[in-house]
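Novice: First to last, the protein sequences are chains A and B.
Each residue of the first sequence is one higher than the one before, starting from 0 at the first, in numbering that gives the first Met the number 0.
Each residue of the second sequence is one higher than the one before, starting from 0 at the first, in numbering that gives the first Met the number 0.
Please keep in mind that the hints were generated in silico from the structure rather than gathered at the bench.
The beta carbon of each residue, even a glycine, is placed where N, CA and C say it ideally should be.
Certain hints may be false.
[Unchecked claim] Label pairs and their calculated CB-CB ranges:
id : chain 1 : residue 1 : chain 2 : residue 2 : range
1  : A       : S150      : B       : R90       : 15 to 25 Å
2  : A       : G100      : B       : S51       : 46 to 56 Å
3  : B       : S51       : A       : N270      : 49 to 59 Å
[Claimed, not checked] Output of the computed footprint for chain A on chain B, the stretches with three or more beta carbons under 8 Å from beta carbons of chain A:
id : stretch
4  : 44 to 57
5  : 70 to 78
6  : 130 to 137
7  : 145 to 154
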Amino acid sequence: MSAESPDVTKPSPRALLDLYRGEMSVMLAWNLQYRGAVFLWVLGAVMQPLVLIVVWQAVADGRDTGMTAGEYAAYFMVSMIVSHMTFIWHMWEFEWRIRSGYFSPLLLRPVHPIHADVCQSLAYKLVGLAGIIPAAILMAVIFRADFGNASWQSVMAFLPALLLAMALRFIVEWCLALAAFWMTKVASLNQLFDAFFLFLGGQFAPISVMPDWIQTLSFVLPFRWSIYFPIQVALGNITGADLWIGFGMQIAWIALAVAVLQLMWKRAVANYSAVGA
Amino acid sequence: MHAFTVIRTYLRLGLLNFVQYRADFFLGVVNAAIQFAIQLLAISIVFNQTDSLKGWSRADLIVLVGVHAIVSGILGTVFSPSIGAFLESIRLGTFDFLLTKPVDAQLLASVQSVAPQSLTSLLAGIVIIVYGLQTGSGFPGFGSVVIFVGLLIAGLMMVYSFMMVLASLAFWFVKLDNIMNIFNTMFGNAGTWPITIFPGWLRVTLTFIIPIAFAVTIPAQALIGSLTLANALLTAALAVLFVAASRWFWLFAVKHYTGASA
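Sequences are here, hints too, so could you generate the full structure?
Specialist: Written as structure tokens, this is what we have:
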């Protein structure tokens, strides 16, 4: 072999960029083709924040919870956007991938399968925005959302917070997905993880109205930094030093999750014995 | 009646199948436990901030969660897996085999697959209701329990009919497997809260939640003693209407089935 032959296990940034361009265009086309299915998933994503606005506006009706009815509407509206942009489903798919043997061809490709999954989820999120954004606007108008502290600065700060949150949740849940290499049934584990996002991430209620023990616990765990933090940044409720602490927590958790991912991936692949092999 | 023999046989087969996979039962228990922990934690967070949610107390909401668990346990044991199998058979074309059998096709499509692990949810629901009643207004009389069971059956028939109408759309759209996911999301989110907290216009807009309301909220009201006669009669009337409408729609939709290979 000549000295120039590329090392396929470590693609150059340029090759990786080409790969992403190709995968993205395929996945976008795929999602646009199945836009009916994407639309139904989006409809499901609207349901939870919608119900929670109704519940919390009923709680705030004539009673001081520290937030007004309009502020609850704004919170859950942004929560819907953040949840859509950070949501991935791969931990539900891995069990099937491994049990059906579908993982073998993925492993034979000369690049890490995580890259294809990144493109897959990004394409779904972009296509889904066509339903999420109109739904968010409707929600804000109908429930009279109050964006009190939001400003163009808070929206500018929201963009990096959201991107870091997307990266963080993707890597953490991809680690969780790898559990399917050792366990044959992962549904309970996934369900438990969803509950963490609900309560420790702030999807069920703003963390500020939750009991003290949840507030304390959520600070050191990754869930809050992938849901609650970007929401409150967008609404202008986190500024100054707290903003930088949040970015720091996001980056620290991403670094830790990447390290865990690499360790788990090595063991998982070594442990994998394909169906039929 | 012949139909009952068919239903009984399918349920027994499902149970026998299930006994072979006992580990699934324990996973079912774990899943149900997580689910109820989530719902009870949600109620306790809400009632940290208030002591009445539009007239519903904490104990009332616990009873409601129990009723929701019973309804989702029954749906998950028979109707959801059967309708899932039905949707898959439309896509694959194996629905042909079901149509040629000498029993009513809607009946077979509704009971063909059984997942007894969901019965854990039903049992847990009863425990939760007892706990909720005990901490709240106390136990209802025998009459109320009979009315509760009657309304629960009426509500179930409504939800079943609604699911059947959604599933019948597969005769036109073929790949419709995630419409049941949407139904489950709606049922899981909206069903654990009393329908009375939703503003009137929203109840009308989200027609999805109407059968959910009648299957969960109204029977729960019978147990906690806030049921009105009008609501009870309305539930019975609507159940008949829903069943008739879904039967009509099924017969209409089957005519549009073209088969996968024919």
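Novice: The structure should be examined with respect to each hint, and the outcome stated for every one.
Specialist: How the hints compare with the structure:
Between S150 (chain A) and R90 (chain B) the C-beta distance comes to about 50 Å, which lies outside the given range of 15 to 25 Å. Between G100 (chain A) and S51 (chain B) the Cβ separation comes to about 55 Å, which falls inside the hinted range of 46 to 56 Å. Between S51 (chain B) and N270 (chain A) the Cβ separation comes to about 53 Å, which falls inside the hinted range of 49 to 59 Å. With a cut-off of 8 Å between beta carbons, the stretch 44 to 57 of chain B has 7 residues touching chain A; three or more are needed, and the interface restraint holds.
With 0 residues having a beta carbon nearer than 8 Å to a beta carbon of chain A, the stretch 70 to 78 of chain B misses the requirement of three or more and the stated coverage is violated. Counting residues of the stretch 130 to 137 of chain B whose C-beta lies closer than 8 Å to any C-beta of chain A gives 0; at least three are required, and the coverage claim is violated. Residues of the stretch 145 to 154 of chain B with a Cβ under 8 Å from some Cβ of chain A number 0, which does not satisfy the need for three, so the listed coverage is violated.
Violated hints for the displayed structure, listed by number in ascending order: 1, 5, 6 and 7.
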